[in-house]
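Visitor: Starting from the given sequences, assemble the full structure and let the hints guide the process.
Respectively, the protein sequence lines represent chains A and B. At position 212 of the first sequence (counting the first as 1) the number is 212 in my numbering, and the numbers step up by one without a gap. At position 50 of the second sequence (counting the first as 1) the number is 50 in my numbering, and the numbers step up by one without a gap.
What the hints contain is simulated information worked out from the structure, not anything from laboratory work. Being a predicted model, the structure only gives us computed values, none of them experimental. Hints may be right or wrong, so weigh each one.
Copies of one chain are not kept apart here, so a pair can be met inside one copy or by any two copies together.
[What the hints assert, rightly or not] 27 Å max Cα-Cα, derived DSSO-like pairs, lysine-lysine: (1) Lys249 to Lys44; (2) Lys139 to Lys273; (3) Lys205 to Lys61; (4) Lys273 to Lys263; (5) Lys44 to Lys170; (6) Lys205 to Lys27; (7) Lys174 to Lys262; (8) Lys61 to Lys139; (9) Lys139 to Lys170; (10) Lys170 to Lys27; (11) Lys27 to Lys171; (12) Lys174 to Lys61.
2 protein chains.
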Amino acid sequence: MIDRTFDEYKALFDEHQLDFIPDIDQKSITLYDSMKYSLSAGGKRLRPVLLMAACEFCGGKAEEALPYAGAMEYLHTYSLIHDDMPCMDDDDLRRGMPTNHIIYGEAVATLAGDGLQSAAYEAMQRDMLLYFDNFEALKSRIRAAYEIVKGAGVTGMVAGQIADVEAENKKCSKELLNYIHITKTASMIKAAVRAGARLGGCTDKELEDLTLYAENLGLAFQVCDDILDVEGDQALLGKEVGHDEANSKATYPALYGLEESKKKFRELTDAAKDALADYYDNAELFVDLAEMLYARVY
Amino acid sequence: MIDRTFDEYKALFDEHQLDFIPDIDQKSITLYDSMKYSLSAGGKRLRPVLLMAACEFCGGKAEEALPYAGAMEYLHTYSLIHDDMPCMDDDDLRRGMPTNHIIYGEAVATLAGDGLQSAAYEAMQRDMLLYFDNFEALKSRIRAAYEIVKGAGVTGMVAGQIADVEAENKKCSKELLNYIHITKTASMIKAAVRAGARLGGCTDKELEDLTLYAENLGLAFQVCDDILDVEGDQALLGKEVGHDEANSKATYPALYGLEESKKKFRELTDAAKDALADYYDNAELFVDLAEMLYARVY
Numbered sequence: 001m002i003d004r005t006f007d008e009y010k011a012l013f014d015e016h017q018l019d020f021i022p023d024i025d026q027k028s029i030t031l032y033d034s035m036k037y038s039l040s041a042g043g044k045r046l047r048p049v050l051l052m053a054a055c056e057f058c059g060g061k062a063e064e065a066l067p068y069a070g071a072m073e074y075l076h077t078y079s080l081i082h083d084d085m086p087c088m089d090d091d092d093l094r095r096g097m098p099t100n101h102i103i104y105g106e107a108v109a110t111l112a113g114d115g116l117q118s119a120a121y122e123a124m125q126r127d128m129l130l131y132f133d134n135f136e137a138l139k140s141r142i143r144a145a146y147e148i149v150k151g152a153g154v155t156g157m158v159a160g161q162i163a164d165v166e167a168e169n170k171k172c173s174k175e176l177l178n179y180i181h182i183t184k185t186a187s188m189i190k191a192a193v194r195a196g197a198r199l200g201g202c203t204d205k206e207l208e209d210l211t212l213y214a215e216n217l218g219l220a221f222q223v224c225d226d227i228l229d230v231e232g233d234q235a236l237l238g239k240e241v242g243h244d245e246a247n248s249k250a251t252y253p254a255l256y257g258l259e260e261s262k263k264k265f266r267e268l269t270d271a272a273k274d275a276l277a278d279y280y281d282n283a284e285l286f287v288d289l290a291e292m293l294y295a296r297v298y
Numbered sequence: 001m002i003d004r005t006f007d008e009y010k011a012l013f014d015e016h017q018l019d020f021i022p023d024i025d026q027k028s029i030t031l032y033d034s035m036k037y038s039l040s041a042g043g044k045r046l047r048p049v050l051l052m053a054a055c056e057f058c059g060g061k062a063e064e065a066l067p068y069a070g071a072m073e074y075l076h077t078y079s080l081i082h083d084d085m086p087c088m089d090d091d092d093l094r095r096g097m098p099t100n101h102i103i104y105g106e107a108v109a110t111l112a113g114d115g116l117q118s119a120a121y122e123a124m125q126r127d128m129l130l131y132f133d134n135f136e137a138l139k140s141r142i143r144a145a146y147e148i149v150k151g152a153g154v155t156g157m158v159a160g161q162i163a164d165v166e167a168e169n170k171k172c173s174k175e176l177l178n179y180i181h182i183t184k185t186a187s188m189i190k191a192a193v194r195a196g197a198r199l200g201g202c203t204d205k206e207l208e209d210l211t212l213y214a215e216n217l218g219l220a221f222q223v224c225d226d227i228l229d230v231e232g233d234q235a236l237l238g239k240e241v242g243h244d245e246a247n248s249k250a251t252y253p254a255l256y257g258l259e260e261s262k263k264k265f266r267e268l269t270d271a272a273k274d275a276l277a278d279y280y281d282n283a284e285l286f287v288d289l290a291e292m293l294y295a296r297v298y
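Guide: If you want it as structure tokens, here you go:
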């Protein structure tokens, strides 16, 4: 049962966000510092909150889902660090702060990303060792970890990143744009929700409904990102706007126009909310979150 | 019981090396191509062979260890791709072939490395789903995966990489050099052997002895790499020599001199062999492998 607000879940996560990084030797402390720098740079914590909320929605405890919430945020953060590098999007600013490679250089930033990815899997793998006396809980954890690795992997986020890189400066079809958005962004949102549901011991119906919610929310989130890159406020966003157009990126506004994109954004938000219409009393956080993201200006 | 040769294990691995990469959509096929390019570039397969041999040494079946052997090689390959990038070691040649970023560009090479790391964990996580009817086998797999993620992670390989990067162009102590070699190289050799042992259902003594073997072999392997970079044959090595000195890398020859390094190399090789002295009839592959690596010229 969900009885916390988004901010309460976020506060819980923020308190524990570094707990799942193993103790790194002083001789490699730059690795820890650089990972911590990007982790602590004030993200929205959308993925870990979704994971913990989905866990409680299905009857589990948020505290027990923390290693997996950590894994989600570590994976998201690694992807941002690598995505910001000069050979990728070449961004100097992220959440109002200099990007990782600007502070630490490209070699360290590459390794900070690599380290965060491995720390994500290590967090989950270590957690599983604690459930050798509980076969059912162990199976839920394995299923959850599989959702996460799939979402972040070569048929999920990384697939989206490469299609995105390759679509630059080329004519991009609507089908390809949809594929990029689903893999690059929605797959991680979906993974967070499904992993949380698995950890909470979901029913088949809960998993199905939450998946539909997450797919629509994830796509809405990326359409919103595209829109904000056109008409967002750089000071609020904490990053440069107009970057997509300058890089000839495949975006909704570029392919559908701004008005049509906003219409699509509204439809996706409604579809996300509708997916959880059967759970009026328990789904408030998810429904409110969809509207909160709809209203977001950064 | 080990009843195959190194080459037979290698052939088994090579046949299945791509089996554990999920089916990647045609829209992201460059990701698959670039991952496959580096995976298929003719590595020695030291880590997967060690893993499979350790599994059989302890009573398991090599075929059942293949997803974990794949994970080891995927992780090793991702580290090479990132290590070769211009912001790291800036190598154009690897195993006699152009490095990944020379063929595919830096953005794709970054993602090929990221994708291989995630594919490694996905291979193991997917394998675990197949053992939900066998709690003991499942536990061995979780332990094996944990060995691998630790070996490749922020207290293992990635820690070594960052210390290596930071030691460039600086005075490096013998203690730091040892730390770098243990974390950067030996930790993955150790992870391969220990993961295989876990999968094979090792006794405590087997795990302990194999660990000592792997620690010495792993360090010997890196000392050998350092020596070959000084006096190896570029044509045989398939990569440029003199690279460490040009990059002011921390190496054994730089700190101990060439003759002392060779003596150390011999001692480590003997220590590796001695660690398995109690298993005369079953440890031949491991003992021969140590001598084979001692004699290697590439």
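Visitor: Hints first: check each against the structure and report whether it holds.
Guide: Verification of the hints:
Taking CA atoms no more than 27 Å apart as the test, Lys249 paired with Lys44 passes inside one copy only; the shortest distance there is 24 Å, against 40 Å between copies. Proximity of Lys139 and Lys273 under a CA criterion of 27 Å is satisfied in neither setting, with 30 Å inside one chain copy and 40 Å between copies. For the homomeric pair Lys205 and Lys61, the shortest alpha-carbon distance inside one copy (20 Å) is at most 27 Å, but the shortest distance between copies (39 Å) is not. With identical chains, the CA atoms of Lys273 and Lys263 are at most 27 Å apart within one copy only, with a shortest distance of 16 Å there and 69 Å across copies.
Taking CA atoms no more than 27 Å apart as the test, Lys44 paired with Lys170 passes in neither setting, with 32 Å inside one copy and 39 Å between copies. Within a single copy, Lys205 and Lys27 get their C-alpha atoms no closer than 50 Å, and across copies no closer than 31 Å, so neither meets the 27 Å cut-off. Taking the closest pair of Cα atoms, Lys174 and Lys262 come within 27 Å of each other only inside a single copy of the chain (16 Å); across copies the shortest separation is 61 Å, beyond that limit. Taking the closest pair of Cα atoms, Lys61 and Lys139 come within 27 Å of each other both inside a single copy (16 Å) and across two copies (24 Å).
For a Cα distance limit of 27 Å, the shortest separation of Lys139 from Lys170 qualifies neither inside one copy, at 44 Å, nor across copies, at 48 Å. In this assembly of identical chains, Lys170 and Lys27 lie within 27 Å of each other by CA distance solely across copies; the values are 14 Å between and 45 Å within a copy. In this assembly of identical chains, Lys27 and Lys171 lie within 27 Å of each other by CA distance solely across copies; the values are 14 Å between and 48 Å within a copy. Proximity of Lys174 to Lys61 under the C-alpha cut-off of 27 Å is found in neither arrangement, the shortest distances being 40 Å within a copy and 48 Å between copies.
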